[in-house]
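Working from the sequences, and respecting the hints, build out all of it.
In the UniProt record's numbering, the protein residues as written are 1 to 282.
Hints were generated in silico from the structure; no laboratory data involved. By construction, the Cβ of each residue, glycine as well, lies at the ideal position given by its N, Cα and C atoms. Hints are supplied without guarantee of correctness; some may be wrong.
As the list claims (entries may be wrong) - What follows is a set of in silico ranges between Cβ atoms, one per label pair, in the way DEER data are often shown:
hint	residue 1	residue 2	range
1	D137	K202	41 to 49 Å
2	L177	M1	18 to 26 Å
3	D137	Q211	45 to 53 Å
4	L3	K115	49 to 57 Å
5	D180	P28	23 to 31 Å
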Amino acid sequence: MSLTDTYTLSNDTKIPALGYGTWQVTNPEEAIQGVVDAVNEGYRHIDTAQMYKNEEYIGQGIKKCGVPRNELFVTSKLNNTNHGYDKARQTILESLEKLDLDYLDLFLIHWPVVKDTDLDWQQDNIDTWRALEDLYDEGKLKAIGVSNFAVPHLKNIVENCRIKPMVNQIRLHPGVLQKDTVEMSHNENMIVEAWSPLSPLKHMKEDAKVQTMCTEYGKSIAQILLRWSLQHGYVTLTKSVHEERIKENADIFDFELSTEDMKYLDGLEFEDLDKPDDFEKR
Numbered sequence: 001m002s003l004t005d006t007y008t009l010s011n012d013t014k015i016p017a018l019g020y021g022t023w024q025v026t027n028p029e030e031a032i033q034g035v036v037d038a039v040n041e042g043y044r045h046i047d048t049a050q051m052y053k054n055e056e057y058i059g060q061g062i063k064k065c066g067v068p069r070n071e072l073f074v075t076s077k078l079n080n081t082n083h084g085y086d087k088a089r090q091t092i093l094e095s096l097e098k099l100d101l102d103y104l105d106l107f108l109i110h111w112p113v114v115k116d117t118d119l120d121w122q123q124d125n126i127d128t129w130r131a132l133e134d135l136y137d138e139g140k141l142k143a144i145g146v147s148n149f150a151v152p153h154l155k156n157i158v159e160n161c162r163i164k165p166m167v168n169q170i171r172l173h174p175g176v177l178q179k180d181t182v183e184m185s186h187n188e189n190m191i192v193e194a195w196s197p198l199s200p201l202k203h204m205k206e207d208a209k210v211q212t213m214c215t216e217y218g219k220s221i222a223q224i225l226l227r228w229s230l231q232h233g234y235v236t237l238t239k240s241v242h243e244e245r246i247k248e249n250a251d252i253f254d255f256e257l258s259t260e261d262m263k264y265l266d267g268l269e270f271e272d273l274d275k276p277d278d279f280e281k282r
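See below:
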C-alpha cells in the first residue's frame with residue numbers, strides 16, 4: 001500500500017485509503033495550513049463536517065494547496081440540527097458555498113439519533129437521506145453515506161432508500177471493534193471509515209508487547225495503530241495540525257503488522273475507554 005492507494009465505492013468512485021481529519025481544528029490559520037501541509041505530504045483525502053465549524057477555512061486550504069480540485073477527495077457531514085429533507089438540502093448547499101466547491105466527493109449524515117428531540121429517528125433519517133439522494137442525482141455529491149450508524153440505523157436506511165449508503169464512518173480502534181456494524185456495512189457493500197484511530201494511544205504506552213512492536217518495526221505507537229486500521233481494510237482518518245505529526249501519520253506504508261500482532265491488538269480491552277453506544281445521541 002501507499003499514500004496514494006484508494007478503495008472503490010459501490011458507484012466506482014475512488015476514495016483514498018488515508019484521510020486528513022479536521023475535527024476540533026477551529027483556528028483559521030491552523031485549519032488552512034493543516035490542509036496545505038497534509039496535501040504537500042501527499043494526502044489527497046480531506047474530511048470535515050458542518051459540526052466542526054471550519055468548512056470555510058478548509059475550503060481556503062484547498063484553494064491554497066495548489067493541487068487541482070479533481071485530484072482531491074473532500075468529505076463533509078450533516079450537523080444534527082440540520083436533519084429533515086428541506087433543511088438538509090439547504091445546508092448541504094451552504095456547505096458547498098463555505099468550502100467554495102462545486103461538488104463534494106462524499107457527504108455523510110453525521111449522527112443517526114439527535115439529542116433532545118421528539119423526532120421519530122427512523123422517519124427522520126429516511127427524510128434526511130432522501131435529500132442526499134437527490135443531491136447525488138444532481139451531481140452536487142459524488143458519493144453519499146452515513147456516520148456513526150449502528151445495525152438498527154443501517155437497516156432502517158437500507159430498507160427505505162433508492163440509493164444505498166456507500167460509506168459508514170464509525171469509531172474503530174483496538175478496544176472498539178464494532179464487529180456487527182462492520183459486518184453489516186460490508187454485507188451492504190459499504191466502505192468502512194475509521195475515526196479516532198489513535199484514541200487508545202495513551203492506554204498502550206505501558207504495554208510491553210506494544211513496546212516490543214515499536215522496537216521491532218521501528219515505528220511509534222500512533223503508527224502501529226494507524227497500520228492496524230489500514231490492515232483491517234478501513235479508510236483511516238487521522239488529524240494533526242503539527243507538520244511533523246502529519247508526516248509521521250503518513251509514514252505507515254513501509255511495514256506490515258504480523259498476523260500475531262494484529263490478533264494481539266484486536267484482543268486489547270481498556271476499562272476506562274469510552275465505548276460507543278448503538279443509540280448514542282449527540
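Take the C-beta atom of D137 and the C-beta atom of K202, compute their distance, and say whether it sits inside 41 to 49 Å.
45 Å, holds
Take the C-beta atom of L177 and the C-beta atom of M1, compute their distance, and say whether it sits inside 18 to 26 Å.
With a Cβ separation near 21 Å, L177 and M1 satisfy 18 to 26 Å, so the hint holds.
Pairwise beta carbon distance, L3 to K115, judged against the given window 49 to 57 Å
Violated, at about 37 Å.
Verify the CB-CB distance for D137 and Q211 against the hinted window 45 to 53 Å.
52 Å, holds
C-beta pair D180, P28: status relative to the range 23 to 31 Å that was hinted
40 Å, violated
In this structure, the earlier hints numbered 4 and 5 are contradicted, and the remaining ones agree with it.
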